[in-house]
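Asks: Given next are the chains, with one letter for each unit.
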Amino acid sequence: MDFTFTDDQLLFCKSVQEFLQQEVTPAAVRKSWELDTGRSDERWQQLVNLGVTAMLVPEQFGGLGMNELDFVLLAQACGQVALPEPLVETALVATPLLATLAQRDSRCASLLEKIATGERKIAIGHAANNLVCDAHVADFLLLPSGNQIHLVPRDQVKLVAQASVDPSRRLFAVEWSANDETCLVSGPEGVALLAATLNRGALGAAAQLIGLAEAMVQMTVKYTSDRHQFGKPIGSNQALKHHMANCAVKIEFAKPTLYRAAYTVSKRPVHADFAVSHAKVAAGEAALLAAKNSIQSHGAMGYTWECDLHIFMKRAWALDKFWGHAGFHKSRLHQWLMNPNAKIGADKTFGEQVA
Amino acid sequence: MDLNYTAEQIAFRKEVRSWLEQHVPARPLQSFDTKEGFEQHRQWEQTLAKGNWGMVTWPKEYGGRGCNLIEWLIFEEEYYRAQAPLRVNQNGIFLLGPTLMEYGTPEQKARFITKMASGEEMWAQGWSEPGAGSDMAAIRSKAIRDGDEYVINGQKVWSTRAVFADWVFCIFRTDPASDKHHGLSFIFVPLNAPGVTVRPIPQLNGLPGFAEIFFDDVRVPVANRLGNEGQGWNIAMSTAGFERGLMLRSPARFQETAKRLVALYREHRNDIVDLSIEDAVVKSFMDAEAYALATYQTASRLMSGGKIGPESSVNKIFWSELDQHMHETAMSILAARAELLPHSSAAGDVGTWLDGFLFAQSGPIYAGTNEIQRNIIAERMLGMPRK
Numbered sequence: 042m043d044f045t046f047t048d049d050q051l052l053f054c055k056s057v058q059e060f061l062q063q064e065v066t067p068a069a070v071r072k073s074w075e076l077d078t079g080r081s082d083e084r085w086q087q088l089v090n091l092g093v094t095a096m097l098v099p100e101q102f103g104g105l106g107m108n109e110l111d112f113v114l115l116a117q118a119c120g121q122v123a124l125p126e127p128l129v130e131t132a133l134v135a136t137p138l139l140a141t142l143a144q145r146d147s148r149c150a151s152l153l154e155k156i157a158t159g160e161r162k163i164a165i166g167h168a169a170n171n172l173v174c175d176a177h178v179a180d181f182l183l184l185p186s187g188n189q190i191h192l193v194p195r196d197q198v199k200l201v202a203q204a205s206v207d208p209s210r211r212l213f214a215v216e217w218s219a220n221d222e223t224c225l226v227s228g229p230e231g232v233a234l235l236a237a238t239l240n241r242g243a244l245g246a247a248a249q250l251i252g253l254a255e256a257m258v259q260m261t262v263k264y265t266s267d268r269h270q271f272g273k274p275i276g277s278n279q280a281l282k283h284h285m286a287n288c289a290v291k292i293e294f295a296k297p298t299l300y301r302a303a304y305t306v307s308k309r310p311v312h313a314d315f316a317v318s319h320a321k322v323a324a325g326e327a328a329l330l331a332a333k334n335s336i337q338s339h340g341a342m343g344y345t346w347e348c349d350l351h352i353f354m355k356r357a358w359a360l361d362k363f364w365g366h367a368g369f370h371k372s373r374l375h376q377w378l379m380n381p382n383a384k385i386g387a388d389k390t391f392g393e394q395v396a
Numbered sequence: 007m008d009l010n011y012t013a014e015q016i017a018f019r020k021e022v023r024s025w026l027e028q029h030v031p032a033r034p035l036q037s038f039d040t041k042e043g044f045e046q047h048r049q050w051e052q053t054l055a056k057g058n059w060g061m062v063t064w065p066k067e068y069g070g071r072g073c074n075l076i077e078w079l080i081f082e083e084e085y086y087r088a089q090a091p092l093r094v095n096q097n098g099i100f101l102l103g104p105t106l107m108e109y110g111t112p113e114q115k116a117r118f119i120t121k122m123a124s125g126e127e128m129w130a131q132g133w134s135e136p137g138a139g140s141d142m143a144a145i146r147s148k149a150i151r152d153g154d155e156y157v158i159n160g161q162k163v164w165s166t167r168a169v170f171a172d173w174v175f176c177i178f179r180t181d182p183a184s185d186k187h188h189g190l191s192f193i194f195v196p197l198n199a200p201g202v203t204v205r206p207i208p209q210l211n212g213l214p215g216f217a218e219i220f221f222d223d224v225r226v227p228v229a230n231r232l233g234n235e236g237q238g239w240n241i242a243m244s245t246a247g248f249e250r251g252l253m254l255r256s257p258a259r260f261q262e263t264a265k266r267l268v269a270l271y272r273e274h275r276n277d278i279v280d281l282s283i284e285d286a287v288v289k290s291f292m293d294a295e296a297y298a299l300a301t302y303q304t305a306s307r308l309m310s311g312g313k314i315g316p317e318s319s320v321n322k323i324f325w326s327e328l329d330q331h332m333h334e335t336a337m338s339i340l341a342a343r344a345e346l347l348p349h350s351s352a353a354g355d356v357g358t359w360l361d362g363f364l365f366a367q368s369g370p371i372y373a374g375t376n377e378i379q380r381n382i383i384a385e386r387m388l389g390m391p392r393k
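Line by line, the protein sequences are chains C and R. Residue numbering for the first sequence follows the working numbering, starting at 42 and increasing by one per position. Residue numbering for the second sequence follows the working numbering, starting at 7 and increasing by one per position.
Extracted from the complex, chain C is given alone in its bound form:
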C-alpha cells in the first residue's frame, strides 16, 4: 500500500508544468482568442516535442507506453494554466481508445504513431457531450453511433460552430452519417469502450477542474494581498480568508479522490465508475466554489473582461458539465451505494482485499 506518486512521475510533471506556466500565460491565452482556430500550432508542436502526446501511445507504436496515472498530474497542470489546446482529450481520452483497437486495426495503429509525432490530430465525441471539442483542427474524429464507434475523416463531416461562454473553448455540432467503412467497433465491446471513454473523459475533466481551482485561489490570494482598503490589504479580513480556506479544504479533499480514480482507471478499470464519479463530483464542487469565492473576493474587478479570473472561471463552469454533469455522476454514486450488495465499510476503502 503506497498512495504516492513516484519521483519519475513527479519530475516529468514538473518539467511540463514549468513549460506550461512559462508559455501559457493569461496573455498568451487571450492572444489565442484572436486566432481563427483559437489554437496555436506552434504551442501544439512544443507540447509534441515534450513527448506529452506520446505518453499513452504504446511503445510498439512509437509512444512512451505510459498510463492514466502517469498523466493525471499533467492534466491537473493543464487546468492550472487553462490550456486552450486539447491535450487532455487527445492524450488521455482518444489515445487509449485507439490503443485498445490498434492491435487489430491498422488505421488506429498508424494514427497512434502520427499522434505521437504530432503529424495528426484527433477529436472525440461522446453521448455524454452533445458537442465535440476542437473538431475543426482535427484530422479525424472518433464519433459514437449507438453501440458503435467510428473513425471519420474531418472532410466527411459537416461542422457547425457553437459559441461557448469560454472564448478558449471551440465546440461543434457534427453532422455525419455512419457507414461500415468508418466503423471501428460495435456491440457489447463498443458499449464497454464508450463507457471506458466516458471515465477517461471525466477523469481528465476532474483533473483540470482541480488545477483551475488551484489557479483561481492563487490569483485571489495575490489580488487580496495587493489590494488595499481601509488602509490594509483586503486579504487580512477574516471573511476573505475564510472564503479561500473553504476552497483549500475542498481542493485538498478532491485531490486524493482524483488520484484514486486515476489509479483505478489504469489498474482496475472494472471498478472505475464509482471512483471516477466521486472524483468528478468532488473536483466540480471545488472548482465551482473557487470560482464563486474568487469573483466575490475580487469585487467589481472580478466581473470585468479585463481581469484574468474569467479565463479560469469560465473553463471551470464548462468542464463541470462536460463528460457527465454532477447529476449524472451523483446518480451513478447513488446507484452504487444503494445496492444492498455494495461492499462498504472502513476495511473496504480500496475494495475487498483478502489473502
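To be clear, the hints were calculated from the coordinates, so they are not data collected in a lab. None of the hints are false.
Computed cross-link-like contacts, DSS-like style, restricted to lysine-lysine with a CA-CA straight-line distance of at most 25 Å:
no.	chain 1	residue 1	chain 2	residue 2
1	C	K362	R	K289
2	R	K289	C	K384
3	R	K265	C	K384
4	R	K148	R	K186
5	C	K355	C	K263
6	R	K289	C	K389
7	C	K55	R	K313
8	R	K20	C	K389
9	C	K273	R	K393
10	C	K263	R	K393
11	C	K389	R	K265
12	C	K333	R	K289
13	R	K313	R	K115
Add chain R to chain C, keeping to what the hints say.
Replies: Relative to the frame of chain C, chain R by itself:
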C-alpha cells in the same frame, strides 16, 4: 502508487480482527463520563495493553508493536468495524504519548509512558483557561520555581476527562514577567496532589465530561516538566499538530458512521419524503471515503520522509464538519423520534445517533475552533496577509 495491501498487511488485518472478535466486550460499556463507565473503559485499556494492542505504532519497549502508519490505519479500521469501546485515555495515548517520546527524558519516558500504555494512569489535558481559549497564549496560571519544585497557582477549564483521570498535562507561565507564547512551560500534575480542586462541568448530555481545575499552591517536582523551561508553547504546538493532524480522528470512525447511516437510510427509505436526504447520505459516504483516501495519502507521504504541515488544519475542518453533517442527516431520517433519549419506549432505533449528534456539535470547537483553523490555512498554507 500501489493501492493493494501487501500479504503482510492482509495477515496483520486478520490477526487484529481475530483478536478483537475474541476480546471486544459483547455489550457496550457505560459512558466513560460516569464513574462506573470510566473504570470499565480503564479495564478495556488494560485488556488492550495485555495483548500489546494499546498503541500499535509505539515501540515495543513501551508496549507497542512498532507498526507503521498504514498498519495503524488497518488497526483502526478493524477497531471501529468491531465496534470496540472508545479510547478513554485518548488524551494520553494520542496526544501526550507521541510528545513524550519526542521531548521526554529517559526517566520521564520510563516513568510515564509505560503506565499510560498499560491503562494504569489516565490523563487529562489542561490548556484552556477562562481568559485563554482560542487565544491560548494568554495563559495566566503560574508555576513558580522554588528549589526543586514548582509552586502552581491558577485555573484551567474545559479539561476533558479530568473528573476521573489521574494526571493532567498543563501549560503554565513559569516566567511571570513574560507574555504571549514566551515563558510558558509544559508540566505534569497529579490530580490528587494537595491544593488541586477538580470541579465537574456537565456537558450537553448532562454527564461531567469536562472539569474546571483549580491550583492553590500546588507543589510538583521540577522533574515533572517536559522539555526546557520556556519551551512549553513549542511542545504544545507539536501536540496540537498530532491532535488535528492524524492520530486523534482516524477515518475509520467516520466510515463506520457513514456505513450505519446508509443502513439507516435503506431501512427508512420508504418513509422519507425529503428528497435531499438521499443526497446527504451519499455525500456523507463520499466525504468519509475522501477523508480515508486523504489519510492514506498523508500516511504514505510521512512514511517516505515527509512532514505534517498546515494540512492538519484542513483535516480538522473536514472531519468535524463531516461528522456534523452525518449526524444531522441521521436526525432528519429519524424525524420526530430524533429528540428521544434512547431509553424512552418510543425511541425505536434512535440508538446512539442522538448522543453522536450532541458530540458532533463539539467537533468544530475543540482542538482549535474551525474559525481559527481557517485563519491558519489562509495565512500559513495560502500566504494571505496577517494584518
